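*Asks:* Take the two lone chains, each set in its own frame, and fit them into one complex as the hints suggest.
One line per chain: the protein sequences are C and B, in this order.
Residue 96 in the numbering used here sits at position 96 of the first sequence, and the numbers go up by one each step.
Residue 105 in the numbering used here sits at position 105 of the second sequence, and the numbers go up by one each step.
Think of the hints as simulated: they come from the structure by calculation, not from any bench.
One or more hints might be untrue.
Restraint ranges, calculated between C-beta atoms of paired labels, are given here [unchecked claim]:
(1) 263(B) <-> 31(C): 42 to 52 Å
(2) 62(C) <-> 165(B): 32 to 42 Å
(3) 221(B) <-> 113(C): 27 to 37 Å
(4) 39(C) <-> 226(B): 32 to 42 Å
Quick caveat: nothing in here was measured; it's all calculated off a predicted structure.
Glycine included, each C-beta is placed from N, C-alpha and C at the ideal position.
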Amino acid sequence: MKTKLFLSAIAFAAIFGAILAQPAAAQDATINIVVKNKKFDPSTINVPADKLFKLVVKNADAVAMEIESRNPRFEKIIAPGATATINMKPLKAGTYSFYDDFNKSNKGEIVAK
Amino acid sequence: MLAALIVVFREVIEAGIIVGIVMAATASVPGRGRWIAGGIFAGFIGACLVALFIQGITEAFAGMGQELFNAAVLGTAVVMLTWHNVWMSSHGRELATEARSLGQSVASGSRTLLALSIVCGVAVLREGSEVVLFLYGILASGGDSFASVFGGGIAGLLLGAAISALTYLGLLRIPGRYLFAATSGMIALLAAGLASQTVAFLQQADVLTALSNALWDSSWLLSDSGMLGRVLHTLIGYNDHPSGMQVIVYLAVLALTFVLMKAVAPARVLASSSR
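Same shape as in the complex, but just chain B (with noise of 0.2 Å):
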């Protein structure tokens, strides 16, 4: 039991800290439970389904497919998240502070939830087929038995859960009128992280080649895989021995997201702000 509740719960972390940051990312977008809901319920299909055909998805593309397959994902999320991020440059604030009427805004606001709604299923689907087959694994070689495994896991998926809570909570802490700019800043650097983590799929598959070898080691410092590294790592792409390559991309991600916010930003906000 303790086992399935541990691997569930440090497989949960990353999908529990993104799913409280698009929830406080979304508090001004009505109806947005629902959708994240959904996300996070498709990905767990679609986690089950990787999970039973995990040997087709690794034979394909001459052996790399487990890679170039969650180098694609991931990609996915990075793609919707800087989309999130610039769409609601240009029309969060509306939604937030203009009286219109309500299903104006749930119209408007749906693109944008679509989009988070991905990124929630994309949260769950990565590491969830790695929790299906662990478990699995665990029931298959007769040690536990359901009853403790299932508990196990249950358990595990309510501390992710509870991790979800926390930092939507403390998120909602953060005055009104910063909240918009936190939320920003945080998905931009969640987005920057998964890019930096897609590089290394593809550098793994060998798709990618040029500047692979660790820019620096700072594993003596902070390892990425302690607890605080880990959550690090899903806040703001923390590495302990990145790439040239995972580096650059991530600046660039970080970039072209600051420069496409600020191109789209309606003129009137950028003058309301500077009163």
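If we strip away everything but chain C, and leave its shape as in the complex, we get (with noise of 0.2 Å):
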């Protein structure tokens, strides 16, 4: 009983063990953009499609946001003056919209050609 917890902790343990063992992937560009006064600047990109990208988001508001999309998917909170790095990952050509879940009427659009 107490062997079989043991080796279920064990089959545990190396799942995320090989999980955590894939080496990160390279990236490529690097697109900026800023929030302020609860808006993204700017709030459509245009990135190559089939590339790999990272969103760099700085809030210079004064309270935090979370910038967040459904497809692809990504939410990260970003706090008061901070700055946070999405790795996206490569887009099929065609238009994708993100937006702020603390503010929703606050939405940008990622454009891939």
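*Replies:* Printed below as a string of structure tokens:
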């Protein structure tokens, strides 16, 4: 009984270990966005399709915000005055929307060409 | 007030459902109320601490601290839920059926109550920190009065508690002899769904890169951001465009739980259930 629980713990550790052992991918372009007065600037971002990139978002407001997107899926809380990086996967050509989850009227889009 | 109510309610749906399932799953374990309430309270304190230190958390691990923190928190819940299922499969029926002394049951039940108390704490902690930051943001921007935000927040929390109660009472309507199987199944699905969310955060952190493309897109059929989609997202881990790795880990957790539960179930229980 104890042994089986111990083995299950090992199995979990092995799964998470295998997951963590994956090498991080190299990154390409960096896109900078500033949030000021509860608006993304720029609110439309152009990126090449099928390429890795990073979103670097600076929150210049005095309150926290959360940049979020359903597809591609990402979410990140950004403290007042802080800057956060989001690793983006290659996007197929198309338009993708993102928003501030703490202030839904603040929206932006990513155009991949 | 309405903004605060809506946001708080939206964020507490998941925690509400989880607490309801946990209450039903421990219906036969004495002293569970204190443990679960303790877990919720600890989760609330933790949420305030996370909100306070959000910048430090975000900047940790080369800027991927938030993703890794979320993954660790969710991963903990997955392990605790799975452990509970396995533990209940070897001890649960004794607790429910055998006339043991109360003190003994409390002593042996407290181990799994600790695991589930952690699960409730984690459920509150996860979304709680967002609620705290959001409400603080409304107050700081001066739009609403403290009383209005506080009132909206409390109303949202009460609605979340109502969801817990509905989940719990709904599950208790299941006849006693099926309740164990039903709650075990729900906890396994819950754990698999949370494991899939863990994978999403590891993928966002670029820690996990294999099979990160979406396997399908069923958002046209049922969006996981709508009300029904959100509830199913919590209950069975529904995701409208899961990555290949998310699906693999989801299935692996279900399979592992099933195998472990079979492996530790006492033989006489198997014999009596086949009668």
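*Asks:* For each hint, tell me whether it holds in the structure or not.
*Replies:* Hints, one by one, checked against the model:
1. Range check, residue 263(B) to residue 31(C): Cβ separation about 50 Å, and the 42 to 52 Å hint holds.
2. In this structure the hint that residue 62(C) and residue 165(B) lie 32 to 42 Å apart at CB holds, the actual value being about 38 Å.
3. Look at residue 221(B) against residue 113(C): about 28 Å separates their beta carbons, and that is inside 27 to 37 Å.
4. Hint check: residue 39(C) to residue 226(B), Cβ distance near 27 Å, so the stated range 32 to 42 Å is violated.
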